[in-house]
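K.L.:
Join these two chains into a complex; the hints should help.
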Amino acid sequence: QQQVKQSPQSLIVQKGGISIINCAYENTAFDYFPWYQQFPGKGPALLIAIRPDVSEKKEGRFTISFNKSAKQFSLHIMDSQPGDSATYFCAASGSGGSNYKLTFGKGTLLTVNP
Amino acid sequence: GAGVSQSPSNKVTEKGKDVELRCDPISGHTALYWYRQRLGQGLEFLIYFQGNSAPDKSGLPSDRFSAERTGESVSTLTIQRTQQEDSAVYLCASSLFGGLLAGGGETQYFGPGTRLLVL
Numbered sequence: 001q002q003q004v005k006q007s008p009q010s011l012i013v014q015k016g017g018i019s020i021i022n023c024a025y026e027n028t029a030f031d032y033f034p035w036y037q038q039f040p041g042k043g044p045a046l047l048i049a050i051r052p053d054v055s056e057k058k059e060g061r062f063t064i065s066f067n068k069s070a071k072q073f074s075l076h077i078m079d080s081q082p083g084d085s086a087t088y089f090c091a092a093s094g095s096g097g098s099n100y101k102l103t104f105g106k107g108t109l110l111t112v113n114p
Numbered sequence: 001g002a003g004v005s006q007s008p009s010n011k012v013t014e015k016g017k018d019v020e021l022r023c024d025p026i027s028g029h030t031a032l033y034w035y036r037q038r039l040g041q042g043l044e045f046l047i048y049f050q051g052n053s054a055p056d057k058s059g060l061p062s063d064r065f066s067a068e069r070t071g072e073s074v075s076t077l078t079i080q081r082t083q084q085e086d087s088a089v090y091l092c093a094s095s096l097f098g099g100l101l102a103g104g105g106e107t108q109y110f111g112p113g114t115r116l117l118v119l
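Residue numbers (this note's numbering), protein chains in the order written: chain A, 1 to 114; chain B, 1 to 119.
Among the clues, some could well be false.
As the list claims (entries may be wrong) - What follows is a set of in silico ranges between Cβ atoms, one per label pair, in the way DEER data are often shown:
{"#": "1", "chain 1": "A", "residue 1": "GLY41", "chain 2": "B", "residue 2": "PRO61", "range": "21 to 27 Å"}
{"#": "2", "chain 1": "B", "residue 1": "ASP18", "chain 2": "A", "residue 2": "GLY60", "range": "41 to 47 Å"}
{"#": "3", "chain 1": "B", "residue 1": "GLU20", "chain 2": "A", "residue 2": "LYS57", "range": "37 to 43 Å"}
{"#": "4", "chain 1": "B", "residue 1": "ASP18", "chain 2": "A", "residue 2": "LYS68", "range": "42 to 48 Å"}
{"#": "5", "chain 1": "A", "residue 1": "LYS57", "chain 2": "B", "residue 2": "GLU14", "range": "46 to 52 Å"}
{"#": "6", "chain 1": "A", "residue 1": "GLN14", "chain 2": "B", "residue 2": "LYS17", "range": "27 to 33 Å"}
{"#": "7", "chain 1": "B", "residue 1": "GLY40", "chain 2": "A", "residue 2": "GLY83", "range": "22 to 28 Å"}
{"#": "8", "chain 1": "A", "residue 1": "GLN14", "chain 2": "B", "residue 2": "GLN41", "range": "27 to 33 Å"}
{"#": "9", "chain 1": "A", "residue 1": "ALA29", "chain 2": "B", "residue 2": "GLN84", "range": "34 to 40 Å"}
Keep in mind that the hints were calculated from the coordinates and are not lab data.
All C-beta atoms in this analysis are idealised placements derived from N, C-alpha and C, irrespective of residue type, glycine included.
Isolated chain B (complex conformation) (with noise of 0.2 Å):
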């Protein structure tokens, strides 16, 4: 009965290694989305799953980015070969129908995050 809850915690990677990040969502929601906060930024949304489709993978800085969802549970955001720039709080949410089922303003639900720094 948890909220979100995101691991590593932290995690401290080189330039040019891959990393892995997991999210796991509230039970029972479908909608699960992974946004960035880089220092000093707001969030910026980087893809919405619903179920374990991603019909909205627009905010993915590049083909470095991917993540998958299994069913309506956890999900992993990869980042392969990273880069100094992607050095950033990585924050998961979740949203019981998500928006496109919703009809919009559904409240999100964060998890603490996950702290990257890229030597």
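Same shape as in the complex, but just chain A (with noise of 0.2 Å):
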């Protein structure tokens, strides 16, 4: 079964460290790796996302690291602030015929204190 493997469960960081999330793959045929953001009472809403051809993707706070070798990928959030306090999830989804669906990894609850 297609999997993709999230840690931690949670994640406790004081404002202005830095915020590190870990997922993992088995399926080779994934080649799109988004992240999303979820506040409470609210959809998941699209953070930022990386294809395999390169290795990392910043946009402003937050950086994908991706290791295709290693069928892994990351978030980091720098200068991690309580605004950010959220439930992130990790997603993949292959090419081909069922390229539409995102398999999720199960989600990090990230608190940033002040």
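P.N.:
Laid out in structure tokens, this is it:
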């Protein structure tokens, strides 16, 4: 079964610190790796995404690092702020006939203390 | 011009009753998806619509679950004879073209979800 494993389950970081969330996948056909951010009572919203042809993508304080050989990717949040407190989901989808189907990790609850 | 909307936002029902959940996608989006989010779990894919046809229903958990879509607009997810294990947040998402047309990696825009509690 296609799986995406996410860790840690929860994370507490002080304001200004770096938050790091890791994901690992099994299916080598995956070729699109988005991260979604979800606030309580809201639907997930796309934060940043990467394809395996690059090893890193940065957007503001958010960076995805991608290691194709290890089948791992991670989200780094620099200078973490209390407003970043949310649940973060990694996901993956593949090429071919089911390229629309996102497989999600179980999520990481991030708390940034002021 | 608003985002994806879903109704009701919360639904409490008794075991054995039928429920209907509604999704209004972003105007012009041809693809629509339903996901289920159980407590402490990631999102599980349920069904994908391209227009009003559903080329992928592989995630529907049982024949008690069904969904339909009117044109490239509203979709309803129906759960018949609800069970306690159906309690979850049901999320709808839409995208402009859909993977089959866009070639993958298309952003899916999610609604706020319907929180279903089966007593």
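K.L.:
Looking at the structure, which of the earlier hints fail to hold?
P.N.:
6
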